[in-house]
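Participant: Here is how the chains run, residue by residue.
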Amino acid sequence: MVEGGGGRGEGGDKARDEFFSEAQELIDGLGRDLLGLDEALKKGEPEAELINDVFRAVHTLKGLSGLFGATRMAGLSHELEDVLDDLRLGRIELTSGVLDLLFQAVSLYGRLLSAETGAGSEPAQDVEQMLLALGQMSQRRRGGGAGVVSQYELDPGLLGVLTEYEEHRLRTNIQQGLNLYRIRVRFSLATIDSALDDLKAKARPHGEIITYLPTGSGADIDTIELEVLIASRATLEMLRTAIAGPNVAIEGVRRRSGPSAPPAVAATTPPPGEPRPATAESFASTPSVSLTGAPPARETSSFRAPEEGEEGRAGHAPSIVPVASGRSAGPGAAGPAAGKELSLRSVTQTVRVDIRKLDRLMTIVGELAIVRTAMANLTDRVRGRATDARELAIELARLSRTFERHLAQMQSGILEVRMVPLGQAFDKLARVVRQISREHGRDVNLVVTGAETEIDKLIVEELSDPLMHMIRNAIDHGIEPKDERLRVGKPPVGTIALNAFQKGNHVVIEVEDDGRGMDPRALLAAAVRRGVVTADESKDLTAREVLALVFMPGFTTKEVATDLSGRGVGLDVVRTNIGKLGGIVDIASDIGIGTKMTITLPITLAIINVLLVEIGARLFAVPLANVEEAIALDETQVRTIESREVLTVRGASLPICRLARLFGLAPAARERSRAFVVIAQVGNRRLGFVVDELVGQQDIVIKPLGKSLRTVRGFAGATELGDQRVALVIDVAALIEEVLMPGETRFLAAAEGGRA
Amino acid sequence: MSPLARPKSEKRAVRRAGEAGRRVEYLSFVLAGEMYAVQIAHVAEILRPPPITEVPRAPSTVLGVISVRGKLVTVVDLRRRFRLPEASFDRKTRVLLADVGTGEQIGLLVDEVQQVWRLAAQEIEQSNVLGGEQPAHIAGIGRPSGGAAILILLDLRPILEST
Amino acid sequence: MLVRRVLVVEDSTSARAFVRAVLESPEFAGPQGGCEVVEASSGFDAMRLLPRGPWDLIVTDINMTDINGLELIRFIRKSEHHRGTPLVIISSLRAEQDVERGLALGADAYLPKPFTPEQLRGACARLLVGAREAAGPSEPPAGGP
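Residue numbers (this note's numbering), protein chains in the order written: chain E, 1 to 756; chain C, 757 to 919; chain B, 920 to 1064.
Treat the hints with caution; some may be incorrect.
Chain E stretches covered by chain B per the calculated footprint, using a threshold of three residues with CB under 8 Å from any CB of chain B [to be verified]:
{"id": "1", "segment": "185-194"}
{"id": "2", "segment": "478-486"}
Within a straight-line C-alpha distance of at most 25 Å, the following computed DMTMM-like cross-link-like pairs (lysine to aspartate or glutamate) qualify [said to hold, decoys possible]:
{"id": "3", "chain 1": "E", "residue 1": "Lys-703", "chain 2": "C", "residue 2": "Asp-833"}
{"id": "4", "chain 1": "C", "residue 1": "Lys-827", "chain 2": "E", "residue 2": "Asp-17"}
{"id": "5", "chain 1": "E", "residue 1": "Lys-596", "chain 2": "E", "residue 2": "Glu-545"}
For the record, the hints were derived by calculation from the structure and aren't laboratory data.
For glycine and all other residues, C-beta sits at the position ideal for the given N, C-alpha and C.
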């Protein structure tokens, strides 16, 4: 395999970025297509088009990775392409075992692309094993001859311009007894795209389009004449009715009568005569080979061909056991490409944008231009003759308001462009669910609703991994094995429901399973045993707090349920990551019935409306989305209950936290006679933050703090306030958790070595 | 030893650079009276310190964050990092934007930035010669020929990664 | 200063970007001048752009949906204006039959994927020189820029 120049510097970094972007899209598309194939396989539906799509995607990936020097990807693509070509040309049958292998290959692609962008390490060993498995599967053989095609009155040059694949489809359709038709069309080059889509839409339900042949002399530069070859079971009348049009003429392709014309190519053609309805066997030169996918055997640790036979020659049907799960000993190491903690993030930072969103933005820019002109006029008038200052002031105020309005529209318009449907993350999860459920021999159905709910692209990216953890947890610990489910009267197939919807300024994502649920008593016992809580503290915890223990670092429910992955589930990581996005995770469970985890997230990261406050003579920002109200602090209403300060507001109790103290900030120089309480809320938890002053409300662009400050808790980011001053943005969710769940904080602090 | 001694002329150093083999360029600066240097390839920018915003509960070596053309940068006080006595800002204080390819630039507060030295291999002494327990961030000693200057060469990676 | 116009027909965005970057780079430009690359993302796109010739070189992939590269080559070789234009096939080695057909239809050369920038430059340079020697005065573009 020749390595390309890499395009590094040579082809330009722009081309290379384009490569990453395109490769990521192709890989995502591959995942979706494979899921589609899975469905089609289950329902026994035809898959030819999907297989061809997958082939083309891999073919393109191969070309790209070769050009840009991604040798491993190119090598993987090469082998994969062989297998897919065999699949689409009917030399191999698509079984679920083969499909499994394809799924794993797509995972490998993701990891290889990560390695190319420097975000991960190269999974060299896994690639080697995959190449071996693919190599054994491939049946590279020349197809049969052209005999069948010559039986029709087709343009003799036709074969010369069909690609090998198109020829195969033509032959297959003929052998299956379909009729051939020619559709002659004339399109104007200006509208050809929509006219073509139109034609395809009309034709597709009736048959398969084999190819498009440009006819005509090309002398007329405005129109293009095509002959579309289509195979269909419909009659000519039916087709004529379906695909009517001014520039459309349909005719059937006649079969040559009498003994068919001699086959053009030698040895391996079917005998002359009527074309038989064909299976793959009748035109391939050797019997086709079908592969069986054995149920995943957990003991084996690599791909291997069975001892009995060799692959290849006629008569043998080699069965290859693709091993989906693997070495169960040792933490986390499952079979190649499966089971490792893969990240589902995209490698690129690009967003596909609906062009209508951009059109709207352009319109707003136009409005702003008008405002600018008006302002220029106003400026002239001010500079010019003496005019009525009051009149000018009124006009200026009006203009300013118009400007603000358009600016706000522009802002939300741009934010909208950043929004992508959650379905992006959900699609990838569907793949993971399939993989995990096969690994553990569980049958799990993933039901997704609300995939069209939109959220900022950056949040979607950060969500993929936490969601994967949660689902893995649900499958590992939640869903019971089939016989156990039947015993308790549940359907044999477990269900995981993924639901998303918008609620005000937030997006809510629910992950719910109908598994065995969590037993608070067993959880508590395990927690005490592992030293996560002491026996005394355990008595004080509410049911909800007990369930929330699963989010503690180092807490594994290994002793509670049979843990198949051999290690803790890492839900503490999930909570931390969601916290970084300004969100919160809640958990509810009913033993025997199921578990539901709820993630609440702000819709967008980028621009938020905040309340600026002063604490210890410094400015901080509190996201207004989390602010219920702000009131003056009446110290007489503050009591201390169990070392926590509580404020009585309108008869109700509100825990409060003095931020100056929490942050260790020296109080301002002059004596504070008054203070304020900002009542914050996330989910259904409330906390009052005591601050020195309320400064004002503002829209800010929030920027993340660097990795260097990742250990600092309580800040969601920072913003520049103008003239280079920076205000830290308070992470309300994190502070609420810190203050209201003191048990946890103590343990976390202990874990960090006393730095709290 | 006067840490502020300079070679007779920069021009001579440059001329010699052409004769000798490969040379690495170092930027030297002063910190609590000592001369340190880092590879200039790792310095993205040199700034007059903008207003530094303190970050509550951050590690003690972190002075705070600054905004550089809209981007947030964490600023580390090298004096605290190397356990040197504290000092106050003066008009020579600078912030070096260090970038070693970890994906994040870090600001380093220094007393005074001096000059660029082109050191050849023979002018650099590896750190193990100093004997004893060597902190990871010291890469060696630079002795540019033609002067009495001694530069403590810093390896920025451990500093940036541990922050 | 002679600018050579190259039509690249290929359905992958980044592959087109790669070819463009190589052919438009100053390294490829000789003392005679450099190349201007026009990108077509499909057979249809190519047919839309062909009238905007003349073209000094056409680079095309074969395996494209709808109108495949072979059909495009036949169309080009049958047309009056473009039948003499040098034509390179870029394709993957596996589709030997497709490449054979392409050459039979009148392509001048084929470059198997993946190819290095040097290989691309080599193939194109040979064909571009030949064109300059064979062609007469160039015809004005038919459809505008």
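Participant: Determine for every hint whether it applies to the structure shown.
Facilitator: How the hints compare with the structure:
1. 185-194: As far as the segment 185-194 of chain E goes, the hint holds, because 3 residues have Cβ atoms under 8 Å from chain B.
2. 478-486: violated (count 0)
3. E:Lys-703 with C:Asp-833: At roughly 22 Å apart (the allowed maximum being 25 Å), Asp-833 of chain C and Lys-703 of chain E satisfy the hint.
4. C:Lys-827 with E:Asp-17: With a Cα-Cα distance of about 22 Å, the restraint between Lys-827 of chain C and Asp-17 of chain E holds, given a limit of 25 Å.
5. E:Lys-596 with E:Glu-545: Distance of about 15 Å is within 25 Å: holds.
Checked against the numbered hints above, the structure violates only hint 2.
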